[in-house]
Amino acid sequence: MRFFKLMVGVVCALAIGVPALPAPAADPVKVGAVLSLTGGASSLGDPELKTLEMMVDQTNKAGGLLGRPVELVHYDDGSEPGKANVLAKRLIEDDKVDMLIGGTTTGASMAMYPLVERAQVPFISLAGALVIVEPVKRWMFKPAHHDRMVGQRVMLDMKARGYTSIAMLSDTSGFGQSARKEMLNVAQKVGVTVAVDETFNPKDTDVTTQLAKIKNAPGVQALFVVTFGQGAVVVTKNIAQLGIELPHYETSGVATREYIRLAGPAAEGVRLPAPVLMVAADLPDSDPLKKLSVDYVREYESRYKTDVSSFGAYARDAWHIWVNAVTLAKSVDKAKVRDFIENTTGLPGTSGMINMSPQDHLGLDISALKIVTVRNGKFAIAD
Amino acid sequence: MLPELLQFILSGMTLGAMYMLSALGFSMIYNASGVINFAQGEFIMAGGMAASFLSAAGVPLPLACVAGVMIAGLVGGLVERLAVAPARDAAVASIIIITIGVSMILRGLTEILLGKRPYALPHFSGEAPLALRGATILPQSLWVLAAGALIVLGLSLFFGRTRIGKGMLATSYDRLAAQLVGVDVRRVLTLSFALSAAIGAVGGVVIAPISTVAYDTGMMLGLKGFVAATLGGLGSGPGAVFGGLFLGLIEALTAGYVSSAYKDAVPFILVFIVLVLRPQGLLGAKPTDRI
Numbered sequence: 001m002r003f004f005k006l007m008v009g010v011v012c013a014l015a016i017g018v019p020a021l022p023a024p025a026a027d028p029v030k031v032g033a034v035l036s037l038t039g040g041a042s043s044l045g046d047p048e049l050k051t052l053e054m055m056v057d058q059t060n061k062a063g064g065l066l067g068r069p070v071e072l073v074h075y076d077d078g079s080e081p082g083k084a085n086v087l088a089k090r091l092i093e094d095d096k097v098d099m100l101i102g103g104t105t106t107g108a109s110m111a112m113y114p115l116v117e118r119a120q121v122p123f124i125s126l127a128g129a130l131v132i133v134e135p136v137k138r139w140m141f142k143p144a145h146h147d148r149m150v151g152q153r154v155m156l157d158m159k160a161r162g163y164t165s166i167a168m169l170s171d172t173s174g175f176g177q178s179a180r181k182e183m184l185n186v187a188q189k190v191g192v193t194v195a196v197d198e199t200f201n202p203k204d205t206d207v208t209t210q211l212a213k214i215k216n217a218p219g220v221q222a223l224f225v226v227t228f229g230q231g232a233v234v235v236t237k238n239i240a241q242l243g244i245e246l247p248h249y250e251t252s253g254v255a256t257r258e259y260i261r262l263a264g265p266a267a268e269g270v271r272l273p274a275p276v277l278m279v280a281a282d283l284p285d286s287d288p289l290k291k292l293s294v295d296y297v298r299e300y301e302s303r304y305k306t307d308v309s310s311f312g313a314y315a316r317d318a319w320h321i322w323v324n325a326v327t328l329a330k331s332v333d334k335a336k337v338r339d340f341i342e343n344t345t346g347l348p349g350t351s352g353m354i355n356m357s358p359q360d361h362l363g364l365d366i367s368a369l370k371i372v373t374v375r376n377g378k379f380a381i382a383d
Numbered sequence: 384m385l386p387e388l389l390q391f392i393l394s395g396m397t398l399g400a401m402y403m404l405s406a407l408g409f410s411m412i413y414n415a416s417g418v419i420n421f422a423q424g425e426f427i428m429a430g431g432m433a434a435s436f437l438s439a440a441g442v443p444l445p446l447a448c449v450a451g452v453m454i455a456g457l458v459g460g461l462v463e464r465l466a467v468a469p470a471r472d473a474a475v476a477s478i479i480i481i482t483i484g485v486s487m488i489l490r491g492l493t494e495i496l497l498g499k500r501p502y503a504l505p506h507f508s509g510e511a512p513l514a515l516r517g518a519t520i521l522p523q524s525l526w527v528l529a530a531g532a533l534i535v536l537g538l539s540l541f542f543g544r545t546r547i548g549k550g551m552l553a554t555s556y557d558r559l560a561a562q563l564v565g566v567d568v569r570r571v572l573t574l575s576f577a578l579s580a581a582i583g584a585v586g587g588v589v590i591a592p593i594s595t596v597a598y599d600t601g602m603m604l605g606l607k608g609f610v611a612a613t614l615g616g617l618g619s620g621p622g623a624v625f626g627g628l629f630l631g632l633i634e635a636l637t638a639g640y641v642s643s644a645y646k647d648a649v650p651f652i653l654v655f656i657v658l659v660l661r662p663q664g665l666l667g668a669k670p671t672d673r674i
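So the sequences go chain by chain: A and S. Mapping of the first sequence onto my numbering: residues 1 to 383, in sequence order. Mapping of the second sequence onto my numbering: residues 384 to 674, in sequence order.
Hints may be right or wrong, so weigh each one.
Far from chain A, by Cβ distances over 10 angstroms, these chain S residues were calculated [to be verified]:
| id | residue |
| --- | --- |
| 1 | L465 |
| 2 | G484 |
| 3 | L489 |
| 4 | L536 |
| 5 | G537 |
| 6 | Y556 |
| 7 | V568 |
| 8 | R569 |
| 9 | L666 |
List of simulated lysine to any residue pairs, SDA-like, C-alpha gap at most 20 angstroms [claimed, not checked]:
| id | chain 1 | residue 1 | chain 2 | residue 2 |
| --- | --- | --- | --- | --- |
| 10 | A | K305 | S | G441 |
| 11 | A | K305 | S | M487 |
| 12 | A | K83 | S | M487 |
| 13 | A | K305 | S | L437 |
| 14 | A | K50 | S | G498 |
| 15 | A | K305 | S | E494 |
| 16 | A | K50 | S | L497 |
| 17 | A | K83 | S | G491 |
| 18 | A | K336 | A | K83 |
| 19 | A | K50 | S | G491 |
| 20 | A | K50 | S | E494 |
| 21 | A | K50 | S | L437 |
| 22 | A | K50 | S | L496 |
None of these hints come from the bench; they were simulated from the model. Here a beta-carbon is modelled for each residue, glycine too, at the ideal position from N, C-alpha and C.
Take these sequences, add in the hints, and give me the full structure.
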């Protein structure tokens, strides 16, 4: 009996004593990431992971966060939204992460969100679609321009240059089709007529048929190609082959140097909206976005010996939004960090100046998307 | 109207030549073993990737292309020896499932070894398009067509004139009888995989300058090749040639005159109709029942 009382006493003492002990310095802050490292979206997920690993190293080298080291736990969803949901559950329940980054694709992000909301974890999605931030979801944020903004930017540029009747060529992937719908909406609002609306499979090796139709359609003043990756390269080469002289627009999805390298001279003169990152070196020194973008590009390219992409840059911005919020909150308490993320103001990123609010979990405006053009094998700010 | 039609036909022929090379691989392996090899698309990809990688690493273009085809041929032979041969007593359906597994492994290995980014080869003879009565064609497309024609010619000589080719044909008619008259059936099987991988790889190499090639390029080409082979009649050489070109043309004309949204659906609907009306394919031999 006395032994039992003693045990109760010890247990009680431990229970009271433990929280009073200072947390050991080695206890890391955990960041969970679900990314598409294999499958269809792997060309997006790959630079995202590389960037996050670089960010973790940088943060730890600079003394960690609130005096604690940072640890990244990441899983690959194989570009399948269904898997992303299971992996998010694992990160929340088993790994007990303090925040979540990811969902390379819109499907994955949306599949993860119900769990995130129930567990109340701050979540920054890297995906592209409008649905991530509209309607506003309490625990989900987004550091990259959504497809509607990309469409608006392109259509406004077309309008300003006097193109009111255009041809649109979109791919049949999930991204292409959701973006196509968004672009048709925007076109109607801005007053641009989509006279020819064609599609192609992003794995097609030849798109000259659709392009020949566009070439021969009367009254078309410009061509807008809605796709990313390899598809854009094939289309661009085919346009050159057919000698189509129409002004050629692409989405921000092709804002990679790889595109220019693969499409070669055919890419000259292509216009597209791109995050500041791609033309950072051309910005005036006074621009607050210049130094961080140039630094990111230099560090990434010297570390990985490969071209930087805007997808990696989204991960960089996501990381900084979170670090900024934790620093201001002086804690990794999930609810507090969420509130501070929501009130992010004047934080410069690679996509623009970030100003969030309870009504706006994106915090970017359309002016931060620059219309760039390919000139002498490089992206340059268009006039 | 005419230049437009001509453009569609030229596009369709280029596509069709590609499908034809893929379909020939399907047919050859089907003949030798009765197996539908779903890793055929990956052989195409492997050839294109290997050649592009070597070329990017500084190997002269012709050498890189030949090496790419040979590497893919080697991969094909290895696949047969390591994955298919050990299961030779299994049911055909099991072996087909093995080839699906092999295709995933090949995709994954390429992804790990060469990365996820797409590669491109330089065009073999310039990028300036050739004009033809208002339509245009890339010199590279002529290479694709020429490679297709040469391979068809080469194969007909191989099967008609060489001992090992005749042995392969004999095996496809009756494996046991071929074995009895002294054909090394094991070797024939390995050779059929190596050869169809090499043929696919030729396609992968000549198309790479136009379309770029990445680790996941093979899936769609493999699938279309399978449709083309089925359309023409599985196991029939002329059937594969006809099926490939027909499929390419139908796709281009559908995209041109109906809607590009249906372009990928039409071939699959077509194969459905053909299989219902003529299960042996358009040019396939009528199956004869043994009594």
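Hint check:
no. : hint                : in the structure
1   : L465                : holds, 23 angstroms
2   : G484                : holds, 16 angstroms
3   : L489                : holds, 14 angstroms
4   : L536                : holds, 23 angstroms
5   : G537                : holds, 23 angstroms
6   : Y556                : holds, 35 angstroms
7   : V568                : holds, 36 angstroms
8   : R569                : holds, 35 angstroms
9   : L666                : holds, 25 angstroms
10  : K305(A) <-> G441(S) : holds, 18 angstroms
11  : K305(A) <-> M487(S) : violated, 28 angstroms
12  : K83(A) <-> M487(S)  : holds, 18 angstroms
13  : K305(A) <-> L437(S) : holds, 18 angstroms
14  : K50(A) <-> G498(S)  : holds, 13 angstroms
15  : K305(A) <-> E494(S) : holds, 17 angstroms
16  : K50(A) <-> L497(S)  : holds, 16 angstroms
17  : K83(A) <-> G491(S)  : holds, 18 angstroms
18  : K336(A) <-> K83(A)  : violated, 29 angstroms
19  : K50(A) <-> G491(S)  : holds, 19 angstroms
20  : K50(A) <-> E494(S)  : holds, 16 angstroms
21  : K50(A) <-> L437(S)  : violated, 25 angstroms
22  : K50(A) <-> L496(S)  : holds, 17 angstroms
Violation of the numbered hints given earlier is confined to hints 11, 18 and 21; the remaining hints are satisfied by the structure.
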